[in-house]
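J.: Chain by chain, the residues run as shown.
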Amino acid sequence: DSGVTQTPKHLITATGQRVTLRCSPRSGDLSVYWYQQSLDQGLQFLIQYYNGEERAKGNILERFSAQQFPDLHSELNLSSLELGDSALYFCASSVGPLTGSSGNTIYFGEGSWLTVV
Amino acid sequence: AQTVTQSQPEMSVQEAETVTLSCTYDTSESDYYLFWYKQPPSRQMILVIRQEAYKQQNATENRFSVNFQKAAKSFSLKISDSQLGDAAMYFCAYRSGGGSQGNLIFGKGTKLSVKP
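Respectively, the protein sequence lines represent chains A and B.
Numbering of the first sequence is given in this note's numbering, commencing with residue 1 and proceeding in unit increments.
Numbering of the second sequence is given in this note's numbering, commencing with residue 118 and proceeding in unit increments.
No wet-lab data here; the hints were simulated from the structure.
Do not take every clue at face value.
Here chain B is said to cover these stretches of chain A; the calculated rule only asks that three of the stretch's residues, wherever they fall, bring their Cβ under 8 angstroms from a Cβ of chain B [claimed, not checked]:
1. 42-50
2. 105-112
The calculated label-pair distances, taken between Cβ atoms and stated as ranges, are [unchecked claim]:
3. A:His10 / B:Gln186: 39 to 49 angstroms
4. A:Phe69 / B:Met128: 26 to 36 angstroms
5. B:Glu169 / A:Gly28: 13 to 23 angstroms
6. B:Ser197 / A:Ala14: 47 to 57 angstroms
7. A:Thr20 / B:Pro157: 19 to 29 angstroms
8. A:Arg18 / B:Ile163: 29 to 39 angstroms
9. B:Ser124 / A:Pro8: 30 to 40 angstroms
10. B:Ile163 / A:Gln17: 29 to 39 angstroms
11. B:Glu134 / A:Thr20: 43 to 53 angstroms
12. B:Ala133 / A:Pro8: 21 to 31 angstroms
13. B:Glu169 / A:Ser38: 26 to 36 angstroms
14. B:Ser124 / A:Asn51: 33 to 43 angstroms
15. A:Glu53 / B:Glu132: 42 to 52 angstroms
16. B:Asp143 / A:Thr105: 16 to 26 angstroms
The C-beta atom is built at its ideal place from N, Cα and C for all residues, glycine as well.
With the hints as extra help, turn the sequences into a complete structure.
T.: Structure representation (structure tokens):
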């Protein structure tokens with residue numbers, strides 16, 4: 001158990017709909033990352049937050065947005081869903097400011113499976 | 118920009134044997150970290166091993182060890198005494214150091230099969 005919690009684990013929704021994926025980072029971790037993994041694809045970095053502020057953006061579509069709340073949990077919002085958005089969405093967390101070598105490790109949650117039909 | 122390359126899409130090993138997965142990376146940074154993650158059929162991402170670039174000593178974790186060649190920008194993973202549970206996709210990943218708190222940059226993965 002990595003300590004990163006993601007909900008829901010599985011989600012089936014129709015095209016055009018909107019969903020929200022939730023992530024609770026490990027206790028004490030300030031950075032949250034979102035990754036997308038499509039079937040037979042590698043991991044695509046979407047976005048990173050650090051202590052509530054957006055830190056870095058990757059290949060995140062305009063239909064997607066995220067935020068990190070004061071209690072450090074994060075949500076990824078996916079709207080106007082298309083069939084191609086079906087994927088495994090990972091949340092990951094790390095300590096943030098480098099506080100030793102362990103702070104450089106990013107730990108992953110179990111992922112949220114999204115199926116768009 | 119940093120890149121990570123895993124040139125072996127698939128590998129196979131006999132149970133109890135040793136296998137080495139290759140990874141090369143490209144960077145102009147001197148401070149960085151390298152990781153191997155395992156993704157079994159459950160699709161969970163599990164950290165296998167971590168290497169700090171400033172450390173000359175190769176990291177080891179039980180049956181897993183790395184061969185870190187900084188000058189060659191090579192970071193291979195050796196799995197000794199392979200077990201059926203080692204069958205998974207293995208991803209090599211790079212992360213910048215120096216307080217940049219950057220995200221992980223992944224290779225495309227190597228699918229490891231373990232034959233009984």
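J.: Taking each numbered hint in turn, which are not upheld by the structure, reported in ascending numerical order?
T.: The structure breaks hints 4 and 12; every other hint is satisfied.
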